[in-house]
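Undergrad: Based on the hints, put chain B with the ligands in the right spot on chain A.
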Amino acid sequence: MDTVTLTIDGREVTVEKGKTVLQAAIDNGVQIPYYCYHPGLGIDGSCRVCIVKIEKLPKLQTSCSTPVAEGMVVSTQTPEVVEARASVFEFLLINHPLDCPVCDKGGECPLQDFSYSFGPNESRMEFPRRVFDGEGVRADVDFGPTLMLNRNRCILCTRCVRFMREIDTDPQINIVDRGYGSEIATFQEEGVHSLLSGNLMDVCPVGAITTRDYRFKSRPWDNPDAVDTICTLCEKGCNTTAWLKAKPEWAKGARLIRITPRFNPDVNDYWMCDIGRFDYRWIEGDNRLQKPLLRSEAGVLEPTDWRNVVGKVADRVTAAGGPSALGFLVSGHASLEELALIGRLGGTLGLREEGVAVGWRRREKPQAPGAKFKIPPVDAPNLMGAADMGFPVRPTSSGDADLAAFRGDVEAGRITVLYVFDPGPEGTLGDVSWIVEARQSGRLQHLIVQGVLMTPLAAAADIVLPGAAWVEKDAAYVNEQGRLQGAARAIAPPGEAMEDWQILVNVGLALGAPLTYTSSQEVRAEIAAGLGDNPRYAGLAELAFARPTAAGNWLKTSNPSERWKWDFMFQDLPPVKFVGKPGATSWMNGIPLTEVE
Amino acid sequence: MEPVLTRYIREPNSYTLDFFLKHDGYNGLKAALGMEPNAVIDLVKASGLRGRGGAGFPTGLKWQFVLKDTPLPKYICCNADESEPGTFKDHVLMERNPHLLFEGCLIGCRAIGAKVAYIYIRGEFFHVQKVLEAELAKAYAQGYVGKNIMGTGFDCDIVIHRGAGAYEAGEETALIESLEGKRAQPRIKPPFPAVSGLYNCPTAVNNVETLCNLPSILLNGAEWFTSLGPEKNGGPKLFCVSGHVKKPGTYEASMSTTLHELIYGHAGGIRDGHQLKAIIPGGSSVPILLPHELEIPASFDAVAQVGSMLGSAGIIVMDETTCMVWAARNLLYFYKHESCGKCTPCREGGDWLHRILTKIENGEGEMRDIDLLTSIGSNIAGKTLCAFGDAAATPALTTVKHFRPEFEAHVREGRCTVPADWRAARTPVAH
Ligand SMILES: Cc1cc2nc3c(=O)[nH]c(=O)nc-3n(C[C@H](O)[C@H](O)[C@H](O)COP(=O)(O)O)c2cc1C
Ligand code: SF4
Ligand code: SF4
Ligand code: FES
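These protein sequences, in sequence, are chains A and B. Just so we're on the same page, the working numbering is the position in the first sequence counted from 1, plus 2. Just so we're on the same page, the working numbering is the position in the second sequence counted from 1, plus 123.
Same shape as in the complex, but just chain A (with noise of 0.2 Å):
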């Protein structure tokens, strides 16, 4: 690596040629701000705040578009460069509504923190804000179906635009007018239509876009708790932050609040699709299964419990009548350790090859042709995982599961047990309405569902067992690339719905197959032995799960470059000057303000 050795504020620092005077001085913890640069997104130069004395220019230059050079001396700190950069943002908040109560940035938003550390203390404005679409009442407008835009907080750094065009490539986003007029706005107001429209949320350093998932939903300080995992609705495995808000047991609501991505150059840099980022809402809705399903002799769904229901699933398989009416329906979104159970479970029962067949659905994702985040096709986390332990993965010519095989024994009704393994969202198991119509026809004797929603195919079951959705369990899969990746138990799965591994455990011991496991860590470690000649699986035994942590910020995680920011804001702030004692009227007299010098 070619390197180049530079002065920032009198230190020393060394960093890869070609970096910025920005990025230099982000790696090395010296703190300059910026809003128009972003690590994932060209330089645009035009926010003017990163601004910087480099010895030997006249002018100051801004920091992010000034490559470093051999003996450079940079300062951020001479007066001439704070006096200017607090210039500038005065600029930025002459008409900047400084509505913070009210927006969905406040209290993890950069426009505010870097104004606090490098602004003026106040401003010498005095002229009414500027406001769009008359006197502010639409300033606030749709911006596609995910998205919210208020213009009026819109600092206009061009990192919404510069993502469409260069990241989506398809650019729906422009400025339109000029100067002091311009306003961020897509073609005759349609709003950004794109699967990865969730990510402009998260680009915009302020609140001006905001998604209409998280609206008003919570702040920062109400979610105290997140959790680093990854993804599973499709192949990708995108890397992912699980946000938790703090909720007593009793509130209605979720705790699951919010999902956002984690910065991983390998596998989705700063990014995520919508999908992934909003189709969570279900883990804790109310079609969720809660607890065990039997169907009684009045033939109606009836709760009960874990015990009876796990002698009753052991019941049928033997009264199968012998492995060869016996099937197993596989999710790709099954893990490496359900996976592993379930072959197991295989193993006591003697159970045939063509018994078994893994199922998932393919949608091709509208996105424009060059896209630069591209959503893969297949909407399960673990094909990949499948097909190396050894599990039926048969795509069509067209890439869907080809079931057509498996299906016929079904409908043929010489597989008479079938065991559905569905922990998906709803719909990714790719198309069940066969097996509905095979049970209610009679020609499928008995149908056992381990599922996480309330699905037609549950409802058709005979045996329910209530599973953990992907947020719920520890549990490692392999992307499209074979990269192995676990997911992180962030909440517990709800009501008497267990661990995915567990339940398998339980229903393998109860069939008389030898399992000992005491937590989804044995299996892994037993996996990783038996595929210890496959280097995929080679971290597999000590695959390490986050657990929740103080949040810090989800900037901090999704882009590792803001980092220093949000250590910066979660610094106290410095205590309320107050002087004197609080009045005899005051009727806060709840609250204590302590008097500083």
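Treat the hints as calculated values from the structure; they're not laboratory data. Keep in mind that the hints are not guaranteed to be accurate.
Said to hold, decoys possible - Computed list of lysine to aspartate or glutamate pairs in EDC-like fashion (alpha-carbon distance at most 20 Å, straight line):
#: 1; chain 1: A; residue 1: 61; chain 2: A; residue 2: 11
#: 2; chain 1: B; residue 1: 305; chain 2: A; residue 2: 179
#: 3; chain 1: B; residue 1: 305; chain 2: A; residue 2: 172
#: 4; chain 1: A; residue 1: 21; chain 2: A; residue 2: 57
#: 5; chain 1: A; residue 1: 367; chain 2: A; residue 2: 433
#: 6; chain 1: B; residue 1: 238; chain 2: B; residue 2: 159
#: 7; chain 1: B; residue 1: 305; chain 2: A; residue 2: 168
#: 8; chain 1: A; residue 1: 55; chain 2: B; residue 2: 513
#: 9; chain 1: B; residue 1: 305; chain 2: A; residue 2: 185
#: 10; chain 1: B; residue 1: 482; chain 2: A; residue 2: 128
#: 11; chain 1: A; residue 1: 61; chain 2: B; residue 2: 513
#: 12; chain 1: B; residue 1: 168; chain 2: B; residue 2: 424
#: 13; chain 1: B; residue 1: 312; chain 2: A; residue 2: 57
#: 14; chain 1: A; residue 1: 254; chain 2: A; residue 2: 227
#: 15; chain 1: A; residue 1: 374; chain 2: A; residue 2: 172
Remember, predicted model here, so these are calculated numbers, not experimental data.
TA: Here is chain B with the ligands on its own, set in the frame of chain A:
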């Protein structure tokens, strides 16, 4: 000095190809085609020709910087955006002497190895565009532009592109963006256009008047050109004198001519019964000069020496009826309206300056507003992406610097105290 560029512009047919050919037309190009491209660059360097668009950068040097060692095509972009207030020289050349510009473009292309020149013409110059297009068609038909020019085997096209009417499109990188079909907003430099310009290819952006000087340099030589003016400020120059003079207009003169001569000689002096108050020598973007500062040559260097700039050589003359608060506000209205809005200080600060000036002019100003003008102006200047920011801050800074008592009087009296002329006497509107 005998006019060189505008010698024939009063002849009824001066703009036609026939007329042009009878008066040495395309002979400069013929000379250039007989030379090695590098020799053309050397000749232009020796002539000391400096860009007439505003910055006065040596044209030969600019061409030398154009990357030669590249498989990429190269381009000449002729800057015909002429939007600087007080500037009206390029359109005279284009309207009355279009072939001179074509010839200049072709010589430039020959020098840097370009196969096409784009003439980016200001959106409002519809009538000029019509002349250019008609004459260009004739030049194509008679083999002066296009394939195998004058039988020499040299191919070169000229494309006329009319902008949408934005001052900022005159900034060279904004012009390039606009040519590419994007918003006319500047790019960060470096890279300079000479390295990465139009379609990211090496490009020279040259002003109309600059290019129009080339044919005569090719014909008469470098020495002749330098001899026409003071050292490093050679050649003929067009001056646009406007404002309170008897004969406003475009005048061709040597840069040895003093500002005083241009105003009192060429332009006939201040209108009767009035005295000179101030001038802006280089288009609206440069600092004011006072009456006692005019005995200097109207050259790039001499004007710079007294703290202003020759800029586009648009000399705006103001007599004692001009209210300086009004003048500043008038110009700031222009700048805040024309700011492209890309960078923060110019977008936000220009409008702020305009609001404060409006407030003072409306008689609602406070004393601290005057200091605020200076502070905001200095906060814009030097902090922006392109030179527009400096240009926008200048009218506020320079008027307060030279005419502070006038601002104070506005604040004190709550009205204009200058014996203002009809325009200044009008009640300003908010915006
Ligand atoms: C805001 C702004 C507006 C400009 N407008 C013009 C213009 O209208 N015409 C022009 O020739 N140059 C204009 N320029 C200067 C150009 O950027 C560039 O320097 C010039 O075209 C180069 O040509 P020259 O070297 O022949 O002068 C402008 C510059 C700025 C910053
Ligand atoms: S909407 Fe946000 S990202 Fe887009 S320009 Fe405005 S502040 Fe920047
Ligand atoms: S200085 Fe003004 S015109 Fe130039 S880039 Fe900035 S906003 Fe645009
Ligand atoms: S971050 Fe450098 S100009 Fe915006």
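Undergrad: Each hint needs a verdict: does it hold in this structure or not?
TA: Comparing the hints with the structure gives:
1. A:61 - A:11: Judged against 20 Å, a Cα distance of about 17 Å means the pair holds.
2. B:305 - A:179: 13 Å, holds
3. B:305 - A:172: 15 Å, holds
4. A:21 - A:57: It holds: about 18 Å lies between the C-alpha atoms, which stays within 20 Å.
5. A:367 - A:433: 18 Å, holds
6. B:238 - B:159: 16 Å, holds
7. B:305 - A:168: Satisfied, since the Cα-Cα distance of roughly 15 Å is no more than 20 Å.
8. A:55 - B:513: With a Cα-Cα distance of about 18 Å, the restraint between residue 55 of chain A and residue 513 of chain B holds, given a limit of 20 Å.
9. B:305 - A:185: 16 Å, holds
10. B:482 - A:128: 11 Å, holds
11. A:61 - B:513: 12 Å, holds
12. B:168 - B:424: Distance ~17 Å between residue 168 of chain B and residue 424 of chain B Cα, so the pair holds.
13. B:312 - A:57: 18 Å, holds
14. A:254 - A:227: Cα-Cα ~18 Å, so holds.
15. A:374 - A:172: At roughly 10 Å apart (the allowed maximum being 20 Å), residue 172 of chain A and residue 374 of chain A satisfy the hint.
In this structure, none of the earlier numbered hints is contradicted; all agree with it.
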